[in-house]
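*Asks:* The lines below spell out each chain.
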Amino acid sequence: MNRFLLPLGVFIVLVIFLWIGLTLNPREVPSPLINKIAPTFRLPQLHNADKTIGPEDLRGKVWVLNVWASWCVTCRQEHPLLVELGRQNLVPIYGLNYKDNRDDGLALLKTSGDPYVLSAYDREGNVGIDWGVYGVPETFVIDKSGLIRHKFIGALTPELIQNKLIPLVKELNGA
Amino acid sequence: MHSKLLFLILLLLLPLAHAEQAVIAKDDPVLEKRVMDLSAHLRCLVCQNQTIADSNAELAVDLKNQVREKLRQGQSEQEILDYMVKRYGEFVLFSPLVKSTTWLLWFGPLLLLVVGLGVLFIILRQRRKMMQQAPALSADEHARAASLLSGKESEGHS
Chain A
18 MNRFLLPLGV FIVLVIFLWI GLTLNPREVP SPLINKIAPT FRLPQLHNAD
68 KTIGPEDLRG KVWVLNVWAS WCVTCRQEHP LLVELGRQNL VPIYGLNYKD
118 NRDDGLALLK TSGDPYVLSA YDREGNVGID WGVYGVPETF VIDKSGLIRH
168 KFIGALTPEL IQNKLIPLVK ELNGA
Chain B
667 MHSKLLFLIL LLLLPLAHAE QAVIAKDDPV LEKRVMDLSA HLRCLVCQNQ
717 TIADSNAELA VDLKNQVREK LRQGQSEQEI LDYMVKRYGE FVLFSPLVKS
767 TTWLLWFGPL LLLVVGLGVL FIILRQRRKM MQQAPALSAD EHARAASLLS
817 GKESEGHS
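Sequence lines, in order, name chains A and B. The first sequence begins at 18 in our numbering and counts up by one. The second sequence begins at 667 in our numbering and counts up by one.
It is possible that some hints are incorrect.
Here are the simulated BS3-like cross-link-like pairs (lysine-lysine), alpha carbons at most 25 Å apart as the crow flies [stated by the list, open to error]:
hint: 1; chain 1: B; residue 1: Lys-752; chain 2: A; residue 2: Lys-168
hint: 2; chain 1: A; residue 1: Lys-168; chain 2: A; residue 2: Lys-78
hint: 3; chain 1: A; residue 1: Lys-187; chain 2: A; residue 2: Lys-68
hint: 4; chain 1: A; residue 1: Lys-53; chain 2: B; residue 2: Lys-736
hint: 5; chain 1: A; residue 1: Lys-116; chain 2: B; residue 2: Lys-752
hint: 6; chain 1: B; residue 1: Lys-765; chain 2: B; residue 2: Lys-752
hint: 7; chain 1: B; residue 1: Lys-736; chain 2: B; residue 2: Lys-699
hint: 8; chain 1: A; residue 1: Lys-68; chain 2: A; residue 2: Lys-181
hint: 9; chain 1: A; residue 1: Lys-127; chain 2: A; residue 2: Lys-68
hint: 10; chain 1: A; residue 1: Lys-116; chain 2: B; residue 2: Lys-736
hint: 11; chain 1: A; residue 1: Lys-116; chain 2: A; residue 2: Lys-68
hint: 12; chain 1: A; residue 1: Lys-168; chain 2: A; residue 2: Lys-181
hint: 13; chain 1: A; residue 1: Lys-68; chain 2: A; residue 2: Lys-161
hint: 14; chain 1: A; residue 1: Lys-187; chain 2: A; residue 2: Lys-116
hint: 15; chain 1: A; residue 1: Lys-181; chain 2: A; residue 2: Lys-53
hint: 16; chain 1: A; residue 1: Lys-53; chain 2: B; residue 2: Lys-752
hint: 17; chain 1: A; residue 1: Lys-78; chain 2: A; residue 2: Lys-68
hint: 18; chain 1: A; residue 1: Lys-187; chain 2: A; residue 2: Lys-161
hint: 19; chain 1: B; residue 1: Lys-736; chain 2: A; residue 2: Lys-161
hint: 20; chain 1: A; residue 1: Lys-127; chain 2: A; residue 2: Lys-116
hint: 21; chain 1: A; residue 1: Lys-53; chain 2: B; residue 2: Lys-699
Only part of the chain A face toward chain B is listed, based on derived beta-carbon distances under 10 Å [said to hold, decoys possible]:
hint: 22; residue: Gly-38
hint: 23; residue: Thr-40
hint: 24; residue: Pro-43
hint: 25; residue: Pro-47
hint: 26; residue: Lys-53
hint: 27; residue: Lys-116
hint: 28; residue: Arg-119
hint: 29; residue: Trp-148
hint: 30; residue: Val-150
hint: 31; residue: Tyr-151
hint: 32; residue: Gly-152
hint: 33; residue: Gly-163
hint: 34; residue: Gly-191
What the hints contain is simulated information worked out from the structure, not anything from laboratory work. The beta carbon of each residue, even a glycine, is placed where N, CA and C say it ideally should be.
Kindly produce the complete structure, drawing on both the sequences and the hints.
*Replies:* Take a look at the structure:
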């Protein structure tokens with residue numbers, strides 16, 4: 018009997034490790050940019066190509082950067098949530114229109130609503146790479162001193178917004 | 667006969683039709699080689715266990731363009747790797763760094779081999795001991811064993 022205990026023990030440990038492995042999401046790579054200064058950029062605005070926008074313009078406020086594109090199906094699912102969040106006026110949402118066609122992006126905002134104070138237009142996706150974006154949508158929360166405090170990978174959900182995003186914004190605003 | 671030959675020739679030419687898609691910087695093969703060498707060290711984050719050199723995913727193509735751009739600007743390989751790690755984390759490096767948290771990953775297989783050899787050694791030694799301790803057979807028993815083996819005497823039960 019005793020001679021089976023050791024293999025059984027090894028087997029159980031193995032099963033536990035594999036079980037934990039199954040619950041992990043291999044696509045979710047934690048960002049090393051958390052609690053680092055947000056990478057700077059200067060991009061034309063989506064609505065007005067003559068004007069630019071960059072993170073420096075937003076120093077001193079807590080804001081949210083949502084990376085989106087009209088070709089991204091998950092972004093479209095997420096879109097109504099952002100519109101709703103924008104309506105609540107809790108935090109300014111800025112968009113990073115990622116590797117999109119300007120007209121397609123504008124058309125989407127026209128038909129589905131525009132939750133963004135402004136959208137930056139990142140045609141080549143270089144700013145996206147600078148921010149460590151590897152899939153859309155992604156959503157960053159940036160604090161008053163310009164540090165990235167959180168990154169949501171994939172679509173936001175009502176639960177994520179209620180339980181994570183809004184409390185974090187309130188905390189960062191010192192309320 | 668002629669049409670068969672023609673078919674064969676066309677078949678052989680088929681890869682060329684695809685070759686065009688992969689052409690990126692034919693004007694500078696040295697740079698392209700460096701891009702691909704460095705890309706082989708970077709993980710494609712949207713793929714599973716692929717480098718960006720192997721992948722044609724959009725992000726992989728973008729990252730290769732970044733690598734090419736930065737090499738062109740005269741940045742060193744190490745600078746570019748550092749840049750990627752700063753943005754995407756150490757996971758972006760295809761072979762993990764050797765450090766205290768990855769020792770088990772790097773040396774675990776070796777450890778398993780050593781443990782396995784140890785166990786094998788112990789078992790073999792125990793076996794040899796058991797052989798030595800086995801009681802010697804009497805002449806009678808030897809004779810019976812020999813007849814059993816030759817199949818002359820059937821066993822009491824089957």
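*Asks:* Against this structure, judge whether each hint is valid.
*Replies:* Here is what the structure says about each hint:
no.	hint	result
1	Lys-752/B x Lys-168/A	15 Å, holds
2	Lys-168/A x Lys-78/A	17 Å, holds
3	Lys-187/A x Lys-68/A	30 Å, violated
4	Lys-53/A x Lys-736/B	23 Å, holds
5	Lys-116/A x Lys-752/B	22 Å, holds
6	Lys-765/B x Lys-752/B	17 Å, holds
7	Lys-736/B x Lys-699/B	14 Å, holds
8	Lys-68/A x Lys-181/A	33 Å, violated
9	Lys-127/A x Lys-68/A	20 Å, holds
10	Lys-116/A x Lys-736/B	20 Å, holds
11	Lys-116/A x Lys-68/A	19 Å, holds
12	Lys-168/A x Lys-181/A	11 Å, holds
13	Lys-68/A x Lys-161/A	23 Å, holds
14	Lys-187/A x Lys-116/A	31 Å, violated
15	Lys-181/A x Lys-53/A	19 Å, holds
16	Lys-53/A x Lys-752/B	10 Å, holds
17	Lys-78/A x Lys-68/A	20 Å, holds
18	Lys-187/A x Lys-161/A	12 Å, holds
19	Lys-736/B x Lys-161/A	31 Å, violated
20	Lys-127/A x Lys-116/A	19 Å, holds
21	Lys-53/A x Lys-699/B	34 Å, violated
22	Gly-38	13 Å, violated
23	Thr-40	17 Å, violated
24	Pro-43	7 Å, holds
25	Pro-47	6 Å, holds
26	Lys-53	8 Å, holds
27	Lys-116	8 Å, holds
28	Arg-119	19 Å, violated
29	Trp-148	7 Å, holds
30	Val-150	9 Å, holds
31	Tyr-151	4 Å, holds
32	Gly-152	6 Å, holds
33	Gly-163	16 Å, violated
34	Gly-191	29 Å, violated
Comparing the model with each earlier hint shows violations of hints 3, 8, 14, 19, 21, 22, 23, 28, 33 and 34; every other hint is respected.
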